[in-house]
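Undergrad: These are the residues of each chain, in order.
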Amino acid sequence: MTITATLEVFRCAPGGVDGRFESYDVTVHDNATVLDAIEAVWANHDRSLVFRHACHHASCGSCGVLVNGSEVLPCIVDLADALRQRSPVRVEPLRNLPLAGDLVVDVTGFFERMLASTMSITRTAEDALPLDADDDGGRSQAVSVPDGLARFNRFENCVECGICISACPTMATDERFRGPAMLAALGRARAESADPQQREHLLDLADGEHGVWRCHSSWECTQRCPQQVDPAESIMEQRREILRRRFRRRVR
Amino acid sequence: MAVSTPSGPSRVRSAGRWFDVRHRGPGTWAYALNRITGLALVGYLYIHLAVLSLLARGPGSYDRFVDLVRSPLFLALDLVLIAGWLIHALNGLRLTVVGLGFGVRAQRTMLVVATGAGLLALVVSAVLLFGD
Ligand code: SF4
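Note that the protein sequences, when read in sequence, are chains A and W. Per this note's numbering, the first sequence runs over residues 2 to 253. Per this note's numbering, the second sequence runs over residues 378 to 509.
Hints are computed from structural coordinates only; laboratory data are not their basis. Warning: the hint list may mix true and false statements.
Computed Cβ-Cβ distance ranges for the label pairs, DEER-style [stated by the list, open to error]:
#1 W:L426 - A:W214: 26 to 36 Å
#2 A:D205 - W:L432: 49 to 59 Å
#3 A:R241 - W:V389: 26 to 36 Å
#4 W:R441 - A:R249: 55 to 65 Å
Just some of the chain W residues that point at chain A, by a computed CB distance under 7 Å [as the list claims (entries may be wrong)]:
#5 R399
#6 Y421
#7 A433
#8 G437
#9 T473
Idealized CB from N, CA, C, for every residue including glycine.
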């Protein structure tokens, strides 16, 4: 069985120049996801469509877009569900990040922030894993993480998709706001660190007018995050820690 | 490390995002309402001060003004003012508690309670205003 859907896809040149919506009719399998439909646009209508994806199962975090106005990973949204919400299905790039073209945003600045949180992106960790290419892909081998590497392993759950950056209304007017994902990563890194100095340093990074105090509590990050990271709660917890620290310094 | 782009939308258009509640959750409704009521209450404060300055022109002009604001139209506007004040005050309490890191997990419950309490207080206010 197949379904036919019309997709209204945002198209633009780098920097958002010449932004417009273009409509495409696609016919796909009836259990197709919205990402499958986007791929069908690329395959059957316009090979110049710029979009990003990798894993197809919500672990790479690269395909994030707005579907019918809400931030989602289109690889886990059924096209049929999206159609029930709105027809034609509207697909737009994430907000609050520079537009690189069509559905792709430039995540360089965002990834730099994630790096600064001391929670590294995957590549660093993967390259360093001692997998032997000659055996069965390393499946039968116990993969041991070298000493000290554990801290580079990414912030569990967060797939660095940028959905929370797009969903945050405060992010729209303060580009220096560190943003939900970085603040949550800082909280996570602090929880993991046993080194008191490092813990202080991480709390310093979260503090300040562009840090946890810039959040104005819309809770959209937590609401939209596809991985239940709950950045808002982490932001509020770090505020409490910062206040506790200030109080302790005063009374000492 | 700028996340946004210099060729991005203007600041005014970006600020429009604060009030764009389409496809957003209850948290954003509270966020937008808090901002709108905050701005409106500041505006009201200036009107209030201007009205009070009528007193400086003698009791006659002030009394004439008070007669005017006793009309049903102005009483209805009073109710709007009370609604705005209730939203800002009750949600403000919730944000103060949660924003300092307390009861974070109960923020949604607090929103429901604040909405209920606000509606109740608004009904009571309406009865008191229009009751006799
Ligand atoms: S916190 Fe959630 S929404 Fe934000 S980047 Fe990580 S996975 Fe995506």
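Undergrad: It remains to establish, for every hint, whether it holds in the given structure.
TA: For each hint, the structure was consulted:
1. W:L426 - A:W214: 26 to 36 Å: At roughly 31 Å between Cβ atoms, W214 (chain A) and L426 (chain W) fall inside 26 to 36 Å, so the hint holds.
2. A:D205 - W:L432: 49 to 59 Å: Given a distance of about 52 Å, which is inside 49 to 59 Å, the answer is holds.
3. A:R241 - W:V389: 26 to 36 Å: holds (35 Å)
4. W:R441 - A:R249: 55 to 65 Å: For R441 (chain W) and R249 (chain A) the Cβ distance comes to about 59 Å; the hint holds.
5. R399: Hint on R399 (chain W): holds, closest Cβ of chain A at ~6 Å, below 7 Å.
6. Y421: This hint is violated: Y421 (chain W) lies away from chain A, its Cβ roughly 22 Å from the closest one there, beyond 7 Å.
7. A433: violated (39 Å)
8. G437: The hint is violated - G437 (chain W) has no Cβ within 7 Å of chain A, the shortest such distance being about 46 Å.
9. T473: violated (10 Å)
Figure legend: structure checked against the earlier numbered hints; hints not met, in rising order: 6, 7, 8, 9.
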